[in-house]
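K.L.:
Take these sequences, add in the hints, and give me the full structure.
2 protein chains.
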Amino acid sequence: MNWENKVRKVVPYTPGEQPKIGGIIKLNTNENPYPPSPAAKAALEAFDTDEMRLYPAPDASELVDAIAETYGVKSSQVFVGVGSDDVISMAFMTFFNSGEPVLFPDITYSFYDVWADVYRIPYRQIPLTADFRINADDYIQPNGGIIFPNPNAPTGVLESVDTIEKIVKANPDSVVIIDEAYIDFGGTSVLPLTAKYENLLVVQTFSKSRNMAGMRIGFAIGSEKLIKYMNDVKFSVNSYTMNRVTIKCGAAAVRDREYLAQTSGKIIATRETAKKELAKRGFTFPDSMSNFIFAKPSKAPAKTVFEKLKERRIFVRYWDKPVIGDYLRITIGTDDEMNALYRALDEIFEEEGK
Amino acid sequence: MNWENKVRKVVPYTPGEQPKIGGIIKLNTNENPYPPSPAAKAALEAFDTDEMRLYPAPDASELVDAIAETYGVKSSQVFVGVGSDDVISMAFMTFFNSGEPVLFPDITYSFYDVWADVYRIPYRQIPLTADFRINADDYIQPNGGIIFPNPNAPTGVLESVDTIEKIVKANPDSVVIIDEAYIDFGGTSVLPLTAKYENLLVVQTFSKSRNMAGMRIGFAIGSEKLIKYMNDVKFSVNSYTMNRVTIKCGAAAVRDREYLAQTSGKIIATRETAKKELAKRGFTFPDSMSNFIFAKPSKAPAKTVFEKLKERRIFVRYWDKPVIGDYLRITIGTDDEMNALYRALDEIFEEEGK
Chain A
381 MNWENKVRKV VPYTPGEQPK IGGIIKLNTN ENPYPPSPAA KAALEAFDTD
431 EMRLYPAPDA SELVDAIAET YGVKSSQVFV GVGSDDVISM AFMTFFNSGE
481 PVLFPDITYS FYDVWADVYR IPYRQIPLTA DFRINADDYI QPNGGIIFPN
531 PNAPTGVLES VDTIEKIVKA NPDSVVIIDE AYIDFGGTSV LPLTAKYENL
581 LVVQTFSKSR NMAGMRIGFA IGSEKLIKYM NDVKFSVNSY TMNRVTIKCG
631 AAAVRDREYL AQTSGKIIAT RETAKKELAK RGFTFPDSMS NFIFAKPSKA
681 PAKTVFEKLK ERRIFVRYWD KPVIGDYLRI TIGTDDEMNA LYRALDEIFE
731 EEGK
Chain B
381 MNWENKVRKV VPYTPGEQPK IGGIIKLNTN ENPYPPSPAA KAALEAFDTD
431 EMRLYPAPDA SELVDAIAET YGVKSSQVFV GVGSDDVISM AFMTFFNSGE
481 PVLFPDITYS FYDVWADVYR IPYRQIPLTA DFRINADDYI QPNGGIIFPN
531 PNAPTGVLES VDTIEKIVKA NPDSVVIIDE AYIDFGGTSV LPLTAKYENL
581 LVVQTFSKSR NMAGMRIGFA IGSEKLIKYM NDVKFSVNSY TMNRVTIKCG
631 AAAVRDREYL AQTSGKIIAT RETAKKELAK RGFTFPDSMS NFIFAKPSKA
681 PAKTVFEKLK ERRIFVRYWD KPVIGDYLRI TIGTDDEMNA LYRALDEIFE
731 EEGK
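As given, the protein sequences belong to chains A and B, one line each in that order. Anchor point for the first sequence: position 130 equals 510 in this note's numbering, and the numbering is continuous, going up by one each time. Anchor point for the second sequence: position 204 equals 584 in this note's numbering, and the numbering is continuous, going up by one each time.
Heads up, some of the hints might be wrong.
Heads up, the list lumps identical chains together, so a pair's fine if it works in one copy or across two of them.
To be verified - Under the rule of at most 30 Å between Cα atoms (straight-line distance), these lysine-lysine pairs were calculated in the DSSO-like manner:
#1 Lys-701 to Lys-608
#2 Lys-549 to Lys-389
#3 Lys-400 to Lys-421
#4 Lys-660 to Lys-679
#5 Lys-605 to Lys-389
#6 Lys-688 to Lys-400
If you are wondering where the hints come from, they were derived from the structure by calculation, not from laboratory data. On a predicted model such as this, the values are computed, not experimentally measured, just so you know.
P.N.:
And the structure:
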């Protein structure tokens, strides 16, 4: 039996824990603590189950049109997928298709190198500066494409539109992908630049500011040419990815801009308080413009704090790796959840004798 | 601007038309004419929208467990995906990973060569016999893997378990994938063989006999080793593909075996009548064991019949290609829909002077 010789063997990405128990405080996967827009609920309730028997529209046009209207672009400039992971993975396959290395930061979303490996795309990881910034000049070198999140993950650090424009402008021979999963928490989107640069793809998601991680919706906006190429590849892999319920609920939710502003506003306020509360407790962190804080405890090792929080049924994210192993990534929850976190931290540091 | 040099350029698969108008008879994409199980409806109604804010379980365990129980296998032998297209595409990427050509029939599901092209997998198309059968001996030659649907598409022809076992047994060095999208319409599944052959992967779908094309659920059953390899690749591409609503509705629906038996029974009965009615009107066709009939009209060219049916708002599937261009693929609808089809055919052939 030698069939295993022909198998593609990969080391899979390990997602954050999704504990199946109740009564926990879940600050480990950057989910939104607030429920989705009431419009999503209404759309779900209005859904006619009999329609499940029919394939969805392969172009998911109802959802695509709703996104296009919301962001003031043409529908032919919008690509949708099963979460931004699907969108970015498809973008890797579509655009990073040369022998030259794709560039991304050394500390960044942990899926980029996984996708590069699975699609056998060469890549080069560019070190962030000591204060976790992206230096635009580092991205001006021969490459097969560029990608990073803005704000970056897991640091939460936001780069300016100018920094990104400098990189896009200097790389007319590559596609530059900016992953704006966390942009709605106080950042300025580079979406307007897509009108100016044919090679810029901006990816966003419904999983964070849109409160719908459980529905799996991501999207990309770019030039019509970029979107056409992505759709060609997508239709070669799976024509029907967005199911009927998702299309309806997503289209309803994205039109509710007021709800987005309200809930993101609350998260931003809670985050700003969290910065003070964590600093008081001896944490240091790069300034976050996302819905999480990448914070280094000074009173106990990050791993200890992670484990002791878990004992108290408070889940944060920890990676047992060089450099980032000194940090915890703490998602911003409700004020109540964050207050419970601060109390738990006080207890833990007291136990540790600090 | 040379970024386009780095783009993967593919000719996308063109799915069957999904007309956005009402009042049509849709016999073109092999959907089930009956609504999904009432259990799916109940699951949708019970769904708590607030849960949309949380990521789904990455292993979709609720759905995986329900499928495993229904088919009497371990959960570690079940892989789920966004429709069987997602499952098979992932299987191509995982298992067809050598330099040797993958084998599949020349007349078969039109996505296989598309996936092979997009993943740059060499392949060899094996001609069916003149009566659209698969000759097992043709698949006993060096290869990088084997795949075909049983019953085959778009012919509807069923091969025996013995034929398939002969192929699987002769190919211990390759993975053999049997796509059983249409098996519930009277065929005998090779699922029991997965206990005996580590290299056999059986793929099924919720889109046909499970009446849920609009929800996008496919699954594969095989040895634990096969499923582990697939999951490793899947978790490297997108950890969270099955959304919360889909998991709940799918798990509820798959447990309702009685409903499957009832609705499939009705479709089989309608199909057997359709064979008589089409034969009466001069059609010839291989004997179908699926929810469609691949039928060649004798009284007018297939293309003419296709177009004239469309004028009457009856959609069937037609491919303007050699050999299969003489045929129409007609999905089995309700009795009422089929009666409307027969009346329309009578009108058309009268117009054509036959």
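K.L.:
Give a verdict on every hint.
P.N.:
Okay, the hints, checked on the actual structure:
1. Lys-701 to Lys-608: between (39 Å within a copy, 25 Å between copies)
2. Lys-549 to Lys-389: Only across copies: Lys-549 and Lys-389 sit 24 Å apart there, 38 Å inside one copy, limit 30 Å.
3. Lys-400 to Lys-421: Both ways: Lys-400 and Lys-421 sit 23 Å apart in one copy and 24 Å across, limit 30 Å.
4. Lys-660 to Lys-679: within (11 Å within a copy, 86 Å between copies)
5. Lys-605 to Lys-389: For Lys-605 and Lys-389, only the inter-copy Cα distance (12 Å) is at most 30 Å; the intra-copy one is 34 Å.
6. Lys-688 to Lys-400: Within one copy only: 19 Å inside, 55 Å across.
Of the numbered hints listed earlier, not one is contradicted by the structure.
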